Structures are given as structure tokens and as C-alpha cells.
Amino acid sequence: MLRVVAKAQYPAAVRCFSTSHAAYAQVSFQSSEDFLKKIGRDTVKLAEKFETWDELKNSTSSDLKEKGIEARERRYIMSQLHRYKNGEPIREIPRGKKTWGGERKRNLVQALFKAGQS
Numbered sequence: 110m111l112r113v114v115a116k117a118q119y120p121a122a123v124r125c126f127s128t129s130h131a132a133y134a135q136v137s138f139q140s141s142e143d144f145l146k147k148i149g150r151d152t153v154k155l156a157e158k159f160e161t162w163d164e165l166k167n168s169t170s171s172d173l174k175e176k177g178i179e180a181r182e183r184r185y186i187m188s189q190l191h192r193y194k195n196g197e198p199i200r201e202i203p204r205g206k207k208t209w210g211g212e213r214k215r216n217l218v219q220a221l222f223k224a225g226q227s
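When you read off a place in the sequence shown, starting at 1, and then add 109, the result is the number in this note's numbering.
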């Protein structure tokens with residue numbers, strides 16, 4: 110049995126709009142320390158592990174692991190490098206705070222809280 114393939118649901122006029130993000134001004138960094146200061150979260154203490162900005166910019170996650178950088182800091186640095194390479198603005202992203210004991214403990218903590226108020 111043959112099926113008829115439907116044509117595109119959207120007219121050509123709708124499809125021609127661009128969905129790419131606006132171009133941001135690319136900030137150039139002179140040293141790895143400048144970049145690590147800009148992204149925050151006390152990553153500037155890791156600046157001594159990188160000799161040049163190019164070394165940090167071209168690092169992979171496994172390179173950072175070999176330098177002894179913890180996983181949480183590695184993920185954060187790699188995400189900020191990804192933002193930099195895509196031309197997105199670089200800014201500090203503060204760590205999130207757990208509410209009600211975190212996702213896994215939420216029901217237990219809320220139940221104990223409500224029981225303590227009764």
C-alpha cells in the first residue's frame with residue numbers, strides 16, 4: 110500500500126525567517142586568568158594550570174581532567190568556553206540553590222516540615 114506524503118504544512122513565507130541568534134561582540138581575552146575571572150565561581154584559582162589563553166581555549170574536558178580539575182568546575186568551564194566560541198556574551202552563572210532539600214528529598218523534607226508545624 111502506498112502512502113501519499115503530505116507537502117510542508119507551512120507556507121514558504123513563514124519558512125524564510127531566520128532563527129539564528131543575534132551576533133554579539135566577541136570579547137578577546139589576553140590570558141586564561143582574564144577569562145576565568147570573567148566567568149566567576151572562583152575559577153580564577155585554576156589560572157596557574159594554563160600557560161596561555163590559547164591552551165585554555167583549545168582544551169577538551171579530558172585535558173582539564175588531566176590537569177586535576179574537578180568535574181563540576183570542568184563542566185562549568187567547558188560550558189562557558191562553548192558560549193564564547195558561539196559568540197554569546199560571557200557572564201557569571203551563579204550556582205543554583207536547592208529548595209526543600211533537593212529534588213530527591215523534597216517529599217520527605219516537606220512532610221517532616223508540615224508534621225513539625227502541627
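Hints listed in this document are in silico derivations from the structure and should not be mistaken for laboratory results. Every value quoted in this text rests on a predicted model; they were computed, and no experiment measured them. We put the CB at the ideal spot given by N, CA and C, even for glycine. A portion of the hints provided could be inaccurate.
Claimed, not checked - Straight-line Cα separation of at most 27 angstroms, DSSO-like style, residue types lysine-lysine; simulated pairs: (1) 207 with 166; (2) 207 with 146; (3) 146 with 223; (4) 223 with 206; (5) 176 with 154; (6) 194 with 207; (7) 194 with 154; (8) 223 with 194; (9) 174 with 147; (10) 158 with 174; (11) 154 with 166; (12) 194 with 214; (13) 223 with 147; (14) 207 with 158.
Claimed, not checked - Okay, the calculated beta carbon distance ranges per label pair: (15) 212 with 140: 24 to 30 angstroms; (16) 218 with 156: 34 to 40 angstroms; (17) 162 with 219: 46 to 52 angstroms; (18) 187 with 140: 51 to 57 angstroms; (19) 163 with 207: 19 to 25 angstroms; (20) 215 with 157: 38 to 44 angstroms; (21) 206 with 137: 32 to 38 angstroms; (22) 219 with 151: 17 to 23 angstroms; (23) 161 with 216: 34 to 40 angstroms; (24) 176 with 200: 23 to 29 angstroms.
Here is how each hint holds up against the structure:
1. 207 with 166: Violated. Residue 207 to residue 166 sits at ~31 angstroms, over the 27 angstroms cutoff.
2. 207 with 146: holds (25 angstroms)
3. 146 with 223: violated (43 angstroms)
4. 223 with 206: Holds, at about 21 angstroms.
5. 176 with 154: The given pair, whose Cα atoms are some 13 angstroms apart, holds under the 27 angstroms limit.
6. 194 with 207: Violated - the C-alpha atoms of residue 207 and residue 194 are around 30 angstroms apart, more than 27 angstroms.
7. 194 with 154: At roughly 22 angstroms apart (the allowed maximum being 27 angstroms), residue 154 and residue 194 satisfy the hint.
8. 223 with 194: Between residue 223 and residue 194 the Cα gap is close to 48 angstroms, so the pair fails against 27 angstroms, i.e. violated.
9. 174 with 147: holds (21 angstroms)
10. 158 with 174: holds (11 angstroms)
11. 154 with 166: The given pair, whose Cα atoms are some 17 angstroms apart, holds under the 27 angstroms limit.
12. 194 with 214: violated (37 angstroms)
13. 223 with 147: violated (42 angstroms)
14. 207 with 158: violated (31 angstroms)
15. 212 with 140: 24 to 30 angstroms: Between residue 212 and residue 140, where Cβ atoms are some 38 angstroms apart, the hint is violated.
16. 218 with 156: 34 to 40 angstroms: holds (39 angstroms)
17. 162 with 219: 46 to 52 angstroms: holds (47 angstroms)
18. 187 with 140: 51 to 57 angstroms: For residue 140 against residue 187, whose Cβ atoms are near 19 angstroms apart, the range 51 to 57 angstroms is violated.
19. 163 with 207: 19 to 25 angstroms: violated (37 angstroms)
20. 215 with 157: 38 to 44 angstroms: holds (40 angstroms)
21. 206 with 137: 32 to 38 angstroms: Since the Cβ atoms of residue 206 and residue 137 sit about 33 angstroms apart, the hinted range of 32 to 38 angstroms holds.
22. 219 with 151: 17 to 23 angstroms: Violated - the Cβ-Cβ distance for residue 219 and residue 151, about 32 angstroms, lies outside 17 to 23 angstroms.
23. 161 with 216: 34 to 40 angstroms: violated (50 angstroms)
24. 176 with 200: 23 to 29 angstroms: holds (24 angstroms)
The earlier numbered hints that this structure contradicts are 1, 3, 6, 8, 12, 13, 14, 15, 18, 19, 22 and 23.
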